[in-house]
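Residue numbers (the numbering used here), protein chains in the order written: chain A, 571 to 1397; chain B, 26 to 512.
Since the hints were made in silico from the structure, they are not lab data. One or more of the hints may lead you astray.
To give an idea of the interface, some chain B residues facing chain A are shown, with a C-beta separation under 7 Å as derived from the structure [to be verified]:
{"hint": "1", "residue": "236"}
{"hint": "2", "residue": "256"}
{"hint": "3", "residue": "259"}
{"hint": "4", "residue": "315"}
{"hint": "5", "residue": "417"}
A virtual CB, placed ideally from N, CA and C, is assigned to each residue, including glycine.
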Amino acid sequence: MLTAIVLSMLALAPIGLLARYAPRPLIGWVLGLLPLAAFVGFAVRAPVVLAGSVLIETLPWVPEMGLNLRFSLDGLSLLFALLVSGIGTLIFIYTAYYLAGDPGMGRFYVYLAIFMGSMLGVVLADNVLLLFMFWELTSVSSYLLVGYKHDYADARRGAQMGLLLTVGGGLALLVGLVLLSNAAGSFEISEIIGAGEELRASPFYTPALLLIFLGCFTKSAQFPFHIWLPNAMQAPTPASAYLHSATMVKAGVYLLARLHPALSETPLWTYTLTVVGATTMLVGAAVALRKDDIKGLLAYSTVSLLGTMVLMAGIGGHDAPVALVTLILAHALYKGALFMLAGAVDHEAGTRKLSELGGLSREMPRTLVLTSLAALSAAGIPPLFGFVAKEELLHAVTHSELTPGAGLVVVGAVVVAAVLGILYAWRLVSGIFFGPAAPRKKDHVHEAPLGMLVAPGVLALLSVGLPLGLLPMTSALLEPAVMAITGHAEEVSLHLMPSALSLPVVLSLFAIGSGAALTRFAGQIGAMPSPLPAWLNGDRIYDAAINGLLSSTTAFTRAVQNGRLRNYILYSLLALLAVILTPLALFALGSAPAPDLSNITLPEIVTALLIPFAVLATIRARSRLGAILVAGVVGAMVSFMFVIYSGPDLALTQLLVEVITTIFFLLVFAILPASFERLSKPATRARDGVVALAIGATMAAFTWIASSTTVFPPISAVFKAEALAEGKGENVVNVILVDFRGFDTMGEITVLFIALLGIYAMLRLRPESDPAIADMRGKTTPDAVALGRRGRREMGVAGRDGHDIGQDTVGEPATTAIRSQDAREEI
Amino acid sequence: MESLQIPPVDLRLLTPLLIVVGWAGALLLIDVFFVPDGRKKITGYLAIAGLAVAGLAGIPLWNLSGSTFSGMLVLDRYSLALTWIFLIAGALSIAVALDYLPRHAIEQGEYYPLIMFAVGGMILMAQSADLITLFLGIELLSITLYILTGFAYPRVASEEAGMKYLVLGAFAAGFFVYGIALIFGATGATSLAGIAAYLGRQPFAPQEETLFLAGASLVLIGFSFKIALVPFHMWTPDVYEGSPTPVAAFMSVGTKGAALAALLRVTLALEEAQTFWLPILAVLAAATMILGNLGALGQSNLKRMLAYSSIGHAGYILLGIMVAAERGAEAFLFYILAYTLTNLGAFGVLIALEQRGEAAWSIDDFAGLYQRRPLLAVAMALFMFSLAGVPPTAGFMGKFFIFTAAYAGGLGWLVLIGVLTSAIAAYYYLRVVVKMFMQEPVREVRPELTRGLNTEILIAGVATLILGLLPTPIVLLVERSLVALGG
């Protein structure tokens, strides 16, 4: 059933395309049935879960990698599943009004459904790999939603940052989860949770935990990774309300809560989460106060709340889990509503900047009422649900398991954040609806359509309704969720009115009082210059880091990959020396056997000495013709070597090859300039010479060693013995060619013949008018030279004239400028 | 003394190879004599048909195994699985070229048989159990690729690419052959089995094996050039950028895949010498993963970026080869398949954007693609996610298999580098996605989707998804295909 809900949500996503054919508000109500069905599906199962049992379904998927479709529904999952599908239903309805008339609405619904399916997958998965897959799928699908239509010009930088941080964080999470699973011996989350003792003692605990933290912090926008969330606010408002406040950003919090029973109660866990959570809470609240953009304000207030939740996951104590789940519920209700209402204001007034709004209370009275309700809840004013949550929060921090000093700091931080929360809630409401009206962006601002207010209305009214009458039911819903976090049964009883005047109540009253007193100065506080130096800004640091990495790698690549074949060969040869000589040096080779030098004769010495001499001459030759001719000497000497070692057939072959290559050289060089030009500096030539000598020496050394090792008898004896008997011939070479190696010979002849045919075809089929042919047939040489130059210029192999291949380089290549300069504006 | 005997030859074992090469030869003639200019697509379709026939002919061989030509060529399920992968790669590369060639006015019928010969070379490499036949396969593949790289004559970049590839390729070939000679001098064998037997006769003592070490290193360097392992990778970006895009696509998966497949066999044969062999591979793998991905980071030319990315991926695949004796070989096969399909898909999208006379390879040309061609953009996003290793795509599964196999095989530090470089890689892959989805078009690029291209992108996209969502059947197939290797 759980499997069916998640998968059908993904599989049925394409029906969202129906909206393309009728982009009218009604379609939202029709498509809303999809998430509603999921909501009902979970609600039906709620009683069983609330009674304390856990539903588990397993279906093998890729058993080879330990990946199973294993879903479980316990209290925590149920809470999230209900939120995801319930708010999802409202968002579906809201979207139809928000995007009414937009031809792309169908796509939007498809992505929304995919997102919802994957979010449900995250909160229901009971297999770490499955969880990870859905986790990444939420990143990807959220991206499709963000990219649907960008409201900001500066959209892509933010979106890129968001995707990069969450996908990168996801990678860290994967490694962390796999380490954890290795330590626990299972990929199933329920079993990992059961192995808490072992895990905390395992050497993998610290790395795994840190990696998981990284994943959770990036997803849940914790300081200093929070920068992506405000940047993602360019998404259409339904997506912001759904993903960036009610559901997706809570995935990190969810995972921390999920793993809480197994991994918590170590100093690493407690203090990392406390410090990160508290910092995020304060930074978010402080920045929210200064934001002019409504969505920006809401985004930072979300960051602040997410920090608070992480703090609750960290501090420990009996009450923290209760506060955590209450906050999750309260925040989803009021922040979802606020986002949607902000969207409505934006939709009607054409702007969402506080400085361009104001005095809308007359035009949009209904919106005002709903916004006020939600904002009061956000500010933690009784008798709204936000107040209940804040009570629990203060209760939790005053009863934490932190050291007294740290506890005191945290209490102070929470109170400050609460005061700031009241201030920004006030700024929001007063800035939109009261005060002097700024010049309107649109001519006739009027109330949002009723249907658009349905979804935020439901959420806002729940913020009122839950504390006024539904608290016992809410407690019953939250109780199994708390149980899942702590790992043992807990009793939860939320109450609106405190029974006694305890410390939390005093703190709460203090916060409300000071907040109310400060509201008069909210404007001034918001306008104060930032106390932080300009460089200490997440966006800037992120940019600098990315820029630094990009420019350094680009510079490096540009230096190495400069397009010059000469350099490529140089680097390759150096690398070759390293690869060959390192192992030889490392393994401290025994002395190679010395070859027998006693019976070397004079002709051998002369021949051998002539070869390096000819090589040197080839390099030094000024004219092309000279170079070819001396190069021919090398070949001739090699052939002569074969003669000395009585291999006339080899000598003959070698000679033939030499002659043919020389002729080819001459043919080709006929269309090149007659003499070389020196283009490289003497130092460069010296360097190249050293490398060449090193390579040559290495190769020669290997030949030396090879010639002194004989591991098997030479085959010549067999041939000599068998030639007459088997081949009926006295000339051994002949017998080898036509008998022993008859097939080889036939193959060689065939190859030669085909090559001949090819050459003939090429020469014949070239058009007569081709000047190259004409030149080769003995026309004027100067033309030929000119042609050669032109040809090379056309081919791009020589940027400067006379830059030629044999001598120096392939020149300034056309393809090699690494055009990465402009890549920098990408960030 | 008994008379010299011609060793028995069982041509059945080479059926796909013979079909591909034979068909290619025949097709050359058919193309010249029967296919009129301007309708060279017919040759292309015939070539695809030939590859398909070869693939079908391979099916009955699944339960057959054996060696022929004195053990120089073998047929086992490993080689057969690779054969199919190569046939798919070849067919897809032809499919994308059907309209590419005429659009760029370089339509010549020879393109298609040349691709077939290259595929033949790859199959030969997969079936080689001897360094000599392996070299034969490499050269058959390389020489056709030298021609194909310069196929866009008279485009300067294409000529230059062909030239660079040829010169460096010749170096590589020289090293490879010299390496074979030295190995032969040391062990008296060129067959992998013979070398393994030589190494196995007594505990491996590197200090007494100078010649063997030198030979093996040279052979490895030859491989490194073909696979484009850092620091022997330098030709790759220039050559990919210069060559016609379908050829670059083919090279990025073909040469690499075949050379890696052969390297895996060689690595298994050198098991006794792993104290010497694995550290070199480890260093090469680390350098390849790091520099390949860092190189891609700064690129704004997508073709070059894909070139660097293909270098980086070779590094990951190398991890699988290093632990081939354990589960690495399976991971290797899966990764090769996933990478082949994904990369061909990405190149397919690139080709769709390319128009005659101008190359739309700048990342800016992808800006706003989502608004104009949502499906094409989604497909490209899928390929980018797969290359980056984001689930639920083939690339994720491949990376997961490779990394877990390498981790289990004790290569923890290499896995760490792999994961870190994957994070870096995510940046440049996702940047493309951002461009497509988030930005307004910078200039007018009208993607042209033709039938061949559509089919190719569709196949690649669906396969990338299916391999990511339902990898089990393929994993089972891969597992079964390694019975013969003892993996």
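Interface hint outcome for residue 259(B) [beta carbon to chain A under 7 Å]: At 4 Å from the nearest chain A Cβ, residue 259(B) passes the 7 Å test, so the hint holds.
Item to complete: Return the status of the interface hint for residue 236(B): holds when the least beta-carbon distance to chain A is below 7 Å, violated otherwise.
Response: holds (6 Å)
Does the CB of residue 417(B) sit less than 7 Å away from some CB of chain A? With Cβ-Cβ at 5 Å, under 7 Å, it holds.
Taking the least C-beta to C-beta distance, is residue 315(B) closer than 7 Å to chain A? With Cβ-Cβ at 10 Å, over 7 Å, it is violated.
Exercise for review: Could you check if residue 256(B) really has its C-beta closer than 7 Å to a C-beta on chain A?
Suggested key: holds (4 Å)
Comparing the model with each earlier hint shows a violation of hint 4 alone; every other hint is respected.
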